[in-house]
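Protein chains in written order, with this note's numbering: chain A, 25 to 285; chain B, 428 to 781.
Simulated from the structure, these hints should not be mistaken for laboratory data.
Careful: at least some of the hints might be erroneous.
[As the list claims (entries may be wrong)] Quick look at which bits of chain A chain B covers, simulated, 3 or more residues with Cβ under 8 angstroms: (1) 120–133; (2) 137–144; (3) 166–177; (4) 233–241.
Ideal Cβ placement from N, Cα and C applies to all residues, glycine included.
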Amino acid sequence: MKRSRLPLAVTAAVLFFFYLPILILVANSFNASRFAGGWRGFSLVWYKRLLHEPDIWRAAGNSLLIAAAATAVSLVLGTVAAFALYRFARSRLQRLHYILVYTPLVAPEILVGISLLMFFVAARVGLGLFTIFLAHVTFCVSFVAMTVLARFQDFDYAVVEAAQDLGAGWWTAARRVLLPMLRPGLVAGGLLAFTLSIDDFVITFFVAGPGATTLPIRVYSMIKYGSPPLINALSTILLAVTFAAVAASQRLSRRVPEGSG
Amino acid sequence: MSRAGSRRPSACLVIAAALIAGAAPFLPRCGGTRPVLHVYAWADYFKPELVARFEREERCRVVIDTFDSNEAMYAKLKAGAAGYDLLTPTTYMVSLMDSQGMIGRLDRGRLPNLVHVDPEYLKLALDPAMDHSVPYMIVNTVIAYLKSRVSDFQPSWAMFDRRDLRGRMTMLNDMRETIGAGLKFLGYSINTTDAGELARAKEIVVRWKKNIAKFENEQYKTGVASGEFLVVQGYSGDILQVQKENPDVAFAVPREGTVISVDDLVIPIGAPQPGLAHAFINFLHDPAVAAENTTFLSYLCPNKDAYPLLGEDLRINPGVFMDPEVRARSEIIADLGEANALYTKVWDEIKSSR
C-alpha cells in the first residue's frame with residue numbers, strides 16, 4: 025500500500041513557513057547593505073558595530089536579569105499556588121484563588137500594562153527595573169501555576185503520604201518525592217516564564233522607568249529610527265545561544281538515565 | 428522538638444530566601460554620587476561621543492531611554508510615568524502635550540546658545556519665542572528618484588501624475604503627509620480646515636493613487652536603493668542614508684512647497700533634573716556640537732552658526748537647505764484638534780477608493 029505524501033508535504037510547508045523568515049534574517053545579518061535592497065557581499069560589519077553599542081548590551085543585560093529573577097520568584101510562588109489549588113481544590117477560597125491565578129492568562133496585555141502603571145504611580149513606587157520585575161512576576165506566576173497544576177493533577181498524592189508513613193519528614197518527602205515528580209512541570213513552567221519575560225514588550229513598555237530599557241523596547245524603537253541590520257546581527261547571536269542551550273540541555277537530560285540505568 | 432514543627436518553618440525560609448534573592452538585584456544601590464540626566468528620545472538620536480563629552484563637562488551621567496512613536500510616549504507619560512528630564516517629541520505632539528499642561532517653561536537665562544537658532548526656521552515654528560520648546564532636528568519631505576532611470580525629472584508633486592512611471596512610484600502612508608502633498612500641489616496650506624480645499628486635494632491624491640504602486644512608509648528606502656521603485660516620497664534624512672549606498676539616488680524638494688517635520692527638545696513638568704536638562708539643550712545648540720550631530724544623524728539641526736561647519740555635500744544640497752522661495756511655501760504640521768476628524772474622513776475615502 026502506498027503511503028500518503030500529504031503529511032510530508034504539510035510538514036515541509038510548516039517548516040518552510042516557520043523557519044524561512046529566520047533564515048532570511050540570519051542571511052541579512054551578514055549582508056553589507058543597510059537597506060537589504062539586495063545582496064552586497066558578505067560582511068561582518070554589523071557584528072563589529074554591535075560590539076560598540078553599549079546601550080544594546082545594557083538593555084540585553086537588563087532583560088536577562090529581569091527574566092532570571094522573575095523566573096526564580098514565579099517558580100516558587102507558582103508552585104506553592106499550584107500546591108494549594110491541588111490540595112484544597114474543593115474549598116471555596118481556592119476556587120476564588122483559581123480565578124485570580126487564571127485571569128492574567130486571558131487579560132489583554134495592554135490592559136495589564138496600563139493598570140499596573142497606574143497602580144505603581146498611585147502607590148508611589150518609583151518606576152524602574154524593580155517595577156518591570158514585579159510586573160513580570162504577576163503574569164509569570166500564572167503560567168507556572170497552571171503548568172505545575174497540570175502535573176499535580178496526573179499524579180497520585182498517596183505517594184507522598186506513603187513516604188511520610190515510611191518515616192520521611194514533610195521536607196524530606198517534598199524534596200525526595202514531590203519535587204522529582206513535579207520536575208517536568210517545573211522545567212516547562214520555568215522555561216515558559218523565562219521566554220515570556222524576556223520578550224515581553226507591551227507590559228514592559230508601560231512599567232519601565234527612566235534607565236530601565238529592556239531588549240524588546242530597544243529593538244522596537246530601533247526598527248524605525250536605528251539600524252535594522254544591527255537587530256539582525258543581535259537576533260542571530262541570540263538564536264545561536266538559544267540553539268546551543270537547547271542542544272546542551274537535551275544532551276544532559278539524555279545522559280542522566282543512561283548513567284543511572 | 429516535634430519533627431513537623433521543625434521542618435515547616437525551614438520550607439518557608441527557603442521560599443523567603445528565594446524571594447529575597449530574586450528581588451535583590453533591584454534594591455537601591457548606593458555609591459555613584461554624580462547626578463543623572465534621564466532623556467526619553469527616539470533611538471540613536473544623539474551622537475554617542477557628544478553625550479560622553481557632555482557627561483565629562485557636567486560631571487553627570489546621561490541615561491537615554493527610547494520610544495518608537497509619539498503616541499506611545501504620550502500615553503505613558505499621561506498615565507503618570509515620571510522621572511524623565513528631557514523629551515524629543517514631534518511639534519504636533521508638543522502642542523498637544525503643552526495644551527495638557529505637561530511641559531514646563533524654559534529658563535532662557537540658562538540657554539545662551541539659543542541665539543544660534545536659525546531665525547528663518549523660527550518664522551515657520553509653532554513656538555517661535557521658544558517659550559517651552561527648542562527645535563532639535565528638522566527633516567524635509569522630499570521626492571527621491573533614480574537619476575539614470577527617470578528622464579526629465581521635475582521637482583514638483585506633478586511627478587506622481589507621470590504615466591511613464593506608472594506602478595514604479597510610492598507615496599507615504601501617512602494621512603497628513605500625503606493629503607498635505609495634494610494640498611500643496613493645489614497651493615493650499617497643509618493645515619487647512621476648509622472642507623472645499625480638502626475635497627479638491629482628495630481628488631488629486633485619488634488620481635495619484637491610481638498611478639503609484641502603493642502608499643509606503645518603510646520599504647521605500649529599500650525599494651529605491653534596489654531600483655524597484657523609481658520615484659518615492661520620503662524624508663530627506665532617510666534618503667541621505669540611502670544615497671550612501673546607491674549614489675544614483677537623488678532628491679529634491681517640490682517647488683510647490685513641502686512638509687517640514689521638526690522634533691523639539693522639551694522639559695516635562697516635574698523633571699527631577701531641570702538644571703541638567705537646560706544644560707543639555709544649551710550644549711546641543713553649541714554650533715560645533717550641532718554641526719557634528721547633524722553630520723552623524725543626517726537630519727538638520729536648525730542652528731545657523733553650525734551651517735558653515737557642515738560638509739559641502741550637505742551645505743549646498745537644496746533638498747536639505749531649501750531655496751528661500753520654496754521654504755516660504757513650506758509648512759510644519761500643526762495639531763488641528765477637532766479638525767483632525769476632517770482629515771481622517773478624507774484619508775479613509777482615499778484609502779477605500781478604487
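How the hints compare with the structure:
no. : hint    : verdict
1   : 120–133 : violated (count 0)
2   : 137–144 : holds (count 3)
3   : 166–177 : violated (count 0)
4   : 233–241 : holds (count 6)
Violated hints, in rising order: 1, 3; the structure is consistent with all others.
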